[in-house]
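Fit chain B to the known structure of chain A by using the hints.
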Amino acid sequence: MDPESRNGFVGLVLVSHSAAIADGLAELVAQVAGPSVPIVAAGGGPDGTFGTDGGRVLVALQEAAGSGGAVVLMDLGSSVLSVRAALDELPAETVARLRIADAPLVEGAIAAGVTASTGGSVDEVLAAAQEARTVAKF
Amino acid sequence: MPSSETERRATLPVEVPLHARPAGDFVRAAAQFPAEISVAANGKRANAKSILEILALGALGGTELVIAASGDRAAEAAEHLAGLVPDLG
Chain A
1 MDPESRNGFV GLVLVSHSAA IADGLAELVA QVAGPSVPIV AAGGGPDGTF GTDGGRVLVA
61 LQEAAGSGGA VVLMDLGSSV LSVRAALDEL PAETVARLRI ADAPLVEGAI AAGVTASTGG
121 SVDEVLAAAQ EARTVAKF
Chain B
1001 MPSSETERRA TLPVEVPLHA RPAGDFVRAA AQFPAEISVA ANGKRANAKS ILEILALGAL
1061 GGTELVIAAS GDRAAEAAEH LAGLVPDLG
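Going down the list, the protein sequences come from chains A and B.
For the first sequence, the numbering used here gives the first residue as 1, with consecutive numbering after it.
For the second sequence, the numbering used here gives the first residue as 1001, with consecutive numbering after it.
It is worth saying that the hints were derived from the structure and are not from the lab.
Mixed in with the good hints there might be a few duds.
Said to hold, decoys possible - Chain B stretches covered by chain A per the calculated footprint, using a threshold of three residues with CB under 8 angstroms from any CB of chain A:
id, region
1, 1011-1025
2, 1045-1052
Stated by the list, open to error - Which stretches of chain A does chain B cover? Using the computed rule of at least three CB atoms under 8 angstroms from a CB of chain B, they are:
id, region
3, 16-24
4, 42-54
5, 82-90
These numbers were taken from a predicted model, which means no experiment stands behind them.
Glycine is no exception: its CB is placed at the ideal position from the N, C-alpha and C atoms.
In isolation and in its complexed conformation, chain A is listed as follows (with noise of 0.2 angstroms):
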């Protein structure tokens, strides 16, 4: 991703055992949330089946931490663990314009996303992922 084309907003990187499901996900945030919001993907295992690829989790990471930052959103398990592990390879100045989301993944990217599209900060991004473990769907 060109660094030059951000434009400052909050990215979104999303981890999922699943690469549909992360690349679906990544699909539907960009509807609700518009085109100004830089999001990656990060699913699947390194061979193409379910879990994670630990490599691909760091590269994410490293090109989603760009200008505005960056929140991480993971379905669970070895999602978390792989970016945790992969927060450890990076220099801290990158890990400081990332934040991990505790959060429902579809939710919480919707929710993130939408308040990235407003030009909200990586705090106020992360806050937004994180109401997602609060407010009641109906």
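This is chain B only, laid out in the frame that chain A set:
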């Protein structure tokens, strides 16, 4: 600054429920204003800047929304959002 409260009513187009995409457009518009803004429908009230709360209203097409704003630029915010609702799609 004394806070002023303004309320406006607006009706969703009959064919447009307040689902994810129009709700996103509404929240983006609300977020441009510093005012505290709420939207009420179906006996529920939502923060106009929270898409998850807006979606939880479950507002179907043709539903009347009550938009209430208070604080800085409240009247302008309520007016702008009420004007937007009939054009959502």
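Consistency of the hints with the structure:
no.: 1; hint: 1011-1025; in the structure: holds (count 4)
no.: 2; hint: 1045-1052; in the structure: holds (count 4)
no.: 3; hint: 16-24; in the structure: violated (count 0)
no.: 4; hint: 42-54; in the structure: violated (count 0)
no.: 5; hint: 82-90; in the structure: violated (count 0)
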